[in-house]
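Colleague: Here is how the chains run, residue by residue.
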Amino acid sequence: MRLNPVAKTVLQRLGLGLITLFVVSIIIFSAIAMLPGDFAKATLGQSATPETVAALQHEIGLDRPPVERYFSWIGKMAKGDFGSSFASRTGYRRTVAEIIAPRLYNTMFLAVMTALIAVPLALGLGIVAALYRNSWFDRVVNTVTLTTISFPEFFVAYMLAFLIISRDTFAGTEFAQSLPVWLAISINWTLNVVPKFPTLANINDQTPFWDHVWRAALPSATLTLVIVAHMMRMTRAAILNMLSSPYIDMARLKGMRPMVVVLRHALPNAWAPIVTVVAFNLAYLIVGVVVVEVVFVYPGVGQLMVDAVRSRDVPVVQACALVFAATYVLLNLIADIISIATNPRLLHPR
Amino acid sequence: MSESEYKFRVAQSLIGRGKVSRRDFIHLGLAAGLTVAASDQIFVTVARAQPQQGGFAKLGMAHGATTDSIDPAGYPDTFTQTAFSGAMSNGLTEVDAKGGIQPDLAESFESSNGAKTWVFKLRKGVTFHNGKKVTAEDVVSSMRYHMGVDTKSAAKSLLESVSDIKADGPETVVFTLNSGNADFPYIMSDYHFVIMPSVDGKADWASGTRTGAFVLENFQPGVSAKLKRNPNYFKNGKPYLDEVEFIAITDLAARMAALSTGEVDYIGRADLKTLGMLKRNPKIEIIEVTGYGHYTLPMNVTIAPFDNPDVRMAMKWAIDRQEIADKIFLGHATVANDSPIAPAIKFYKNPEPQHRFDPEKARHYLKKAGMEKLKVDLSVADAAFAGAVDAGALIRETAAQCGIDVNVVREAEDAYWDNVWLKKPWCASYWSGRATADWMFTQAFAAESSWNESFWKNPRFNELLVQARAETDEAKRAAMYGEMQQLAHDDSGSIVLVFNNFVSAQSKKLGHGDVAPNWENDGLKMAERWWMAEA
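Chain order of the listed sequences is A and B.
For the first sequence, counting from 1, position 247 maps to 246 in numbering that gives the first Met the number 0; every step adds exactly one.
For the second sequence, counting from 1, position 359 maps to 358 in numbering that gives the first Met the number 0; every step adds exactly one.
Bound-form chain B, shown alone (with noise of 0.2 Å):
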């Protein structure tokens, strides 16, 4: 190796760490026998891979509404939380790219007593903004704020098992649950959960103090957000970037804009229809990721037709998933087999045998209900999904093909939530998903459950799910948990037609890691994960 060649090898790896200029670095290249643009090249590949300190992102969110505020009684789409939970503050734990569980403000967690009670001890020395160390107490409050009778929070019913919650001593947090749940810090993950500091017992959000790799700096409601470096950050080394700005971009073809002319880094939720025009652009990238977002078709399984479980099975049959995967969301959704369960989740099984269209089977099964021909209402509007409206259309065409006659009715997109679903014998329905298995079946499946979409309830799935959650082996809960998807799948009232795909697109200034799959935007937490690769 000459000593030029050498040379360079180093400075290969000193661009990482942002110690070399590219300008510095080609001359290198030269002088070690390579052509400029050779070099430049292996310049940008190198920067890229390697986390470095610096630069100012702009990140355009596909939400934001003027009500919104940094209250994590809300955070309802991804410019809150995004912003709000994922940069600026942190939960107990939080989940990675692999969609494991990782410790974030606790260090570590135990169960005992069957699951039931759970112990977390707070990282040591971690403060908040203004410099106040983070206690148990801190985490009671900040618990506590989702619970209990006038509590204003969305996130209340997934604490509704937590029976106390009590500080012992300064750094350790003891939850006592009604029922053993092995998953109980995947729940502490969710972005609702956010340490805030407990002043006179309470939490304190609205000062916005929290732990997180940033700081609040000026924040206009529905316009944009712009947060600077915590440089007490507890995590060594992050954050990379030293300013951020989320900047509100509902209009789909002025965020393409945006990002085309390079005035934001980053976009949420690419507009599907140009992606490929998008993608000719040298400078842009594109990821795509399997979310555990699923769009459903709940029929109320209390109701005639529904209530006779070969009806359900026909409709199951009567749908084309993959061409609705196709037309409707242009190819950018996996197809699912009516459980909703998506791969990237322990303990996912896809159950036998895959759903699809198939009008003999469609017939067979309502032959076997005792009907030659079904008629039946679907309730639809965009509110529920984009695209719902003409996936009902495409429903339609199929299920006339094997006798089931399909009404679409196109609801209100206003209140939605509130007129249609859970009131509509059949509707269509979105579910952003959850991190386990456990925690989705209880939320959207279980029959106790108030969001229940199909008031389905099975006696053995029940049963099972009590067990598999308090269950710490974990191949006795992987047998459990594949019995549920099949019967999900087998039984419920639920269709589940796609999983969808989290499709962002960035300048290819951005560097990052794996991306998390948990919710969009790098798991919520792209400010803390991601970096500039050149300034």
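Excised from the complex, chain A in its bound form (with noise of 0.2 Å):
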């Protein structure tokens, strides 16, 4: 029998990602084991006593071999059971499931929300770049998107918040009372044109929809701004490159107008290299947002990890690597399907 393409690809990388995901967890298990001291130490710190330590190892199981730790805990992921966190104690279960959820929510979200301005942003920015190509509008938007890449995106995230306290304190720093008072205050009127974005995106279960986007205003504001250069600059590249062949000379000269032939001709074949390229930015903001949420106080899963290997929190950290390899591997997954889907060639083998 021969398998569609789409499903044979689907088939073969779900197989290849379950041993990467397999491999990940023996990768970040030995390294948390190497890494010096753990969870009991770590948690009772300077007090701790011998005893006390003891005692707390005990109870969480750490005073088993590594290898039958690993293996009870692969064999209960197996069953689809995260286990419980270290932080756990009798009569008071943490459940790794109910510590990641939340997070993962709240990291989805940013995403998703990201995703939805950046993506078209960087789409639109693209093609209309490749359009009128070498012009200044091209060069602005090169020049400003290859700005915002290059800074790190603390920094990015640092100068947004900046600019939001800027708003009350400006008019009263002594920059403010050096300039002429035209420029002062048109900087002031400017300033206050920008809506007062909480600098604080610490939100909670009971934070309600639209409360949640206003408070992830400024972590999206920052992502979008250090991922829009890749995504515009491969549009823009993979576009320019169709529109060298034979066939978009055809089309011109048959009289279409340019944006059609853009849209119409070269976009459906310079899509594969978009798509890997936006799926790799999308994977981005899921596993690589940890320094924006640390700056803006977002609780996502990217702090949860951080947090985790800090206090040897094993299992807790075990789970987000879980989480951000199957990420990778099903964004990668869905770039190629769709890279498939959209060339016939791949779609129809001879």
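Keep in mind that the hints were calculated from the coordinates and are not lab data.
Even glycine gets a Cβ: it sits at the ideal position worked out from N, Cα and C.
Check the hints yourself; a few may be wrong.
What the hints assert, rightly or not - A few chain A positions that, by computed beta-carbon distances, are all more than 12 Å from chain B:
id	residue
1	V66
2	S71
3	V143
4	F161
5	L182
6	F196
7	N240
8	P245
9	R344
As the list claims (entries may be wrong) - Here are the simulated DSSO-like pairs of lysine-lysine, each with C-alpha atoms no more than 30 Å apart in a straight line:
id	chain 1	residue 1	chain 2	residue 2
10	B	K423	A	K40
11	B	K372	B	K237
12	B	K165	B	K132
13	B	K456	B	K360
14	A	K195	B	K225
15	B	K366	A	K40
16	B	K372	A	K40
17	B	K131	B	K120
18	A	K195	B	K278
19	B	K326	B	K348
20	B	K282	A	K195
21	A	K40	B	K132
22	B	K456	B	K272
23	B	K237	B	K507
24	B	K326	B	K278
25	A	K40	B	K225
26	A	K195	B	K131
27	B	K374	B	K456
28	B	K374	A	K195
29	B	K423	B	K372
30	B	K374	B	K422
31	B	K348	B	K475
32	A	K195	B	K165
33	B	K123	B	K97
34	B	K507	A	K195
35	B	K423	B	K234
36	B	K374	B	K360
37	B	K278	B	K97
38	B	K132	B	K201
39	B	K282	B	K326
40	B	K225	B	K131
Assembling the complex is the task here: the two chains are given apart, and the hints tell you how they should meet.
Modeller: This is how it looks when you write it as structure tokens:
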């Protein structure tokens, strides 16, 4: 039986993905085992006495050998049980699932929100830039996006926070007083045009939806600034690449409008590289945003994982690592499916 | 006095009780011949000085992790301590703003038998959040939670001297100690020793039912904790606030930004480097309190060369404490003198002479030890205290001028307390300090303490420690603690660099009385003690 190429890819990739996840879990587990200290010592810190450390280690099972611990974890994992955090105590169970679920929701929320803004923006800018190549518009867009991607994300984040603070404080600074009055007033006016976005994105499970969007505005803006350049430039390059092909010249000679040439003729053949880059950036939105989370105090999975590594809460670290690895595998898979589906030669192989 | 002036006076006294609005007050002020700005200023000053009911305060804490829980065996840092111990719970005693000990859930306490037996009488009619009466049984279970072989409590060692606790009737608890301790009520004020309801003879911490000024409403570990006023709180009129939310903001810049934009009303541990900028904001007040916390460099006195008292003395003279206070702590620290007892603590006495940077003296002691040159390793990491690595660099420079070659070893931050502290011959360390001289000395300087970080065993010191603990004559105690501070200064292996200041910043909307120095955030009790001066 001949499988549809899409189904074949999906099956193949899912199988490979499972193996990847397994390897990731082993690497993470051994990496944490090699770090100095364990949960009991990390939690008790300076005040640890040998007896309290031993009592705590026994309660959370840290006195068992690592190999045994790993296999009991993966055994439960195979049944879909993520286990309990080491922060659990008798009569007070905190499952990994219940710890991760709200954080994962927050991370996904931010990622989706950013993607909804950044992806159309990047594609639109890329297409227009390709259309008016070497124009002023093209140059300005290129320069601005390259500038924002070149700064580290925490810098972009702090600059945005600083702008919000400056709304209230700019007029009182020595810098403002040293400027000509008309300039100071217009800067102050410009600053106050920006809505007063919250610099503290601390949300919880009771935050209403629109409040969540409002609070996530600055983190989302930061991430948008960071990822737009990559996707936009790839869109522009892929389309330009197509525009030099003979069939585009043909379309032009037929007298089609430039916009139609780009959208109907060039773009369908340029999807594959664009989608790959988009997938890569979306994966980054989920697994790579810990710095932005810290700066805006946004409770996402990234912060959770850093916290868990610091306290050596192995089950939580493992679960976070698996979530991240699975995100990469799935997004890459989706990108490949789209590449195949948009390319008739791959979709109907001879 | 005209009628309008009189009304204005009356109005001033009513502000504090929240019975006059700002607008009405300004009207009266205008009638009495004042300008709008002047009466507004008076309104704010008076309103802030008087506690008033109501309001919702958002408090930004410098800590908070996803592993936090309401279990009093833990409470590793200011988030859990301020929210779950200070706001939600009570101990038997508490430390007041002057560093004195006050009864809290206890009504009174007294000792007998050479401070070996302590009797705490509980306040009558106090209830837990669920309405259950607080009995002696609850106190016994709550204390036992931190005792015994299998306890996981970080406060276990504090109760090691307790040989027995029993309830004597429903309102009296009797503690029996192995040896006399005149400061035992201070130990009961520790933030771990909160009173929890007893269920089947065991302390029930997991329900979060306590006695405190606030009831836990929502807690997301590592994110925030929201608490609302306990209407049946036993302290008259307290708490003033209706609601408080503790928000974990571990990033320094994020904390400063959140206060500047008014998203929180208070932040613990303000950024010292940008404090000057924050001070320019007229809506923000900065509070600085010299606490009990101190930064130390313990030398292991059982290992050469530190086994020689003259070498220790040379090291003590080879460090420029003032420079460290100015450059590392940017002036927000008080220079210490190799004794761990902070100026705010009872029986504090500054030993003579003040140790400062003096290459002559350092060389003199080095020569006395029979050495011309000395090479030592100093193990540091910022896990010990922020700035430890930089302090090491400064010490290397000053020591070099005394003929001492200090090799600063930068250790891993992870598991620092596990692998470096108490293991390396000379390292950096931090103590949050204790409320009494006895408590501090017992934990960090007593011969048998497992945290005797310099392994110092001075017979005279240890003899005095036991005597002073059981002594009830204040004058004699003062003399003994004076001598002990001198001994620590002259002989011990602990170099005490500076006492840290608690630097917090807050919106002027928040009102407060004198701020307690025993822990951060007004002795962890800010939620109970502070109020919203204007909504």
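Colleague: For every hint, state whether the structure bears it out.
Modeller: How the hints compare with the structure:
1. Its beta-carbon lying about 22 Å from the closest one in chain B, V66/A satisfies the requirement of being farther than 12 Å from that chain.
2. For S71/A, the non-interface assignment is confirmed: its Cβ lies about 21 Å from the closest Cβ of chain B, beyond the 12 Å cut-off.
3. Residue placement check: V143/A keeps its beta carbon more than 12 Å from all beta carbons of chain B (closest about 25 Å).
4. With a closest Cβ-Cβ approach of about 8 Å to chain B, F161/A is found to fall inside the 12 Å limit, against its non-interface label.
5. No beta-carbon of chain B is positioned within 12 Å of the beta-carbon of L182/A; the least distance is around 21 Å.
6. Look at F196/A: its CB is around 9 Å from the nearest CB on chain B, not clear of 12 Å, so calling it non-interface is violated.
7. Here N240/A stays apart from chain B, with its beta-carbon at least about 43 Å from theirs, past the 12 Å limit.
8. Annotated as non-interface, P245/A keeps its C-beta farther than 12 Å from every C-beta of chain B; the closest such distance is 55 Å.
9. Against chain B, the non-interface label of R344/A holds: every CB pair exceeds 12 Å, the least being about 49 Å.
10. A C-alpha spacing of about 18 Å is found between K423/B and K40/A, which places the hinted pair at or below 30 Å, so the restraint holds.
11. Between K372/B and K237/B, the direct Cα distance comes to roughly 62 Å. Violation of the 30 Å bound is thereby established for this hinted pair.
12. For the hint linking K165/B to K132/B, the alpha-carbon distance of about 18 Å falls within 30 Å, and the restraint holds.
13. The straight-line distance between the Cα atoms of K456/B and K360/B is roughly 25 Å, inside the 30 Å bound, and the hint therefore holds.
14. The straight-line distance between the Cα atoms of K195/A and K225/B is roughly 24 Å, inside the 30 Å bound, and the hint therefore holds.
15. Between the alpha carbons of K366/B and K40/A the distance comes to roughly 42 Å, so the proposed pair goes past 30 Å and is violated.
16. At most 30 Å may separate the alpha-carbon atoms for a hinted pair to count; K372/B and K40/A exceed this at roughly 38 Å.
17. As the CA atoms of K131/B and K120/B are separated by approximately 18 Å, the hinted pair is consistent with the 30 Å bound.
18. Annotation: proposed proximity of K195/A to K278/B holds, straight-line Cα distance about 22 Å (limit 30 Å).
19. This hinted pair checks out: K326/B and K348/B have alpha carbons roughly 26 Å apart, not beyond 30 Å.
20. Using a Cα cut-off of 30 Å, the hinted pair K282/B and K195/A holds, with the two alpha carbons roughly 18 Å apart.
21. Distance check on the hinted pair: K40/A and K132/B sit about 37 Å apart at the alpha-carbon level, beyond 30 Å; violated.
22. This hinted pair does not check out: K456/B and K272/B have alpha carbons roughly 40 Å apart, beyond 30 Å.
23. Distance restraint check for K237/B and K507/B: the Cα-Cα separation of roughly 20 Å lies within the 30 Å cut-off, and the hinted pair is therefore satisfied.
24. Distance hint between K326/B and K278/B is fulfilled; the C-alpha atoms sit about 20 Å from each other, no more than 30 Å.
25. As the CA atoms of K40/A and K225/B are separated by approximately 29 Å, the hinted pair is consistent with the 30 Å bound.
26. Straight-line distance between C-alpha atoms of K195/A and K131/B comes to about 46 Å, which puts the hinted pair past the 30 Å bound.
27. About 24 Å separates the Cα atoms of K374/B and K456/B, which keeps this hinted pair within 30 Å; it holds.
28. Note on K374/B and K195/A: the hinted pairing is violated, with a Cα-Cα distance of about 57 Å set against a maximum of 30 Å.
29. As the CA atoms of K423/B and K372/B are separated by approximately 21 Å, the hinted pair is consistent with the 30 Å bound.
30. For the suggested pair K374/B and K422/B, the alpha carbons sit about 19 Å apart, so the restraint of at most 30 Å is met.
31. With a C-alpha separation of about 14 Å, the suggested pairing of K348/B with K475/B holds against the 30 Å cut-off.
32. Simply put, K195/A and K165/B have alpha-carbon atoms about 58 Å apart, too far for the 30 Å limit, and the pair is violated.
33. Pair hint K123/B plus K97/B holds up; C-alpha atoms about 26 Å apart against a cutoff of 30 Å.
34. For a cut-off of 30 Å, the pair hint linking K507/B to K195/A stands: about 21 Å separates their Cα positions.
35. Proposed proximity of K423/B and K234/B is contradicted: the alpha carbons are some 48 Å apart, above 30 Å.
36. Between the alpha carbons of K374/B and K360/B the distance comes to roughly 18 Å, so the proposed pair stays at or under 30 Å and holds.
37. Straight-line distance between C-alpha atoms of K278/B and K97/B comes to about 26 Å, which keeps the hinted pair within the 30 Å bound.
38. Restraint check for K132/B and K201/B: the C-alpha separation of about 16 Å stays at or below 30 Å, so the hint holds.
39. Restraint check: the Cα-Cα separation between K282/B and K326/B comes to about 28 Å, which is no more than 30 Å; the hinted pair holds.
40. As the CA atoms of K225/B and K131/B are separated by approximately 23 Å, the hinted pair is consistent with the 30 Å bound.
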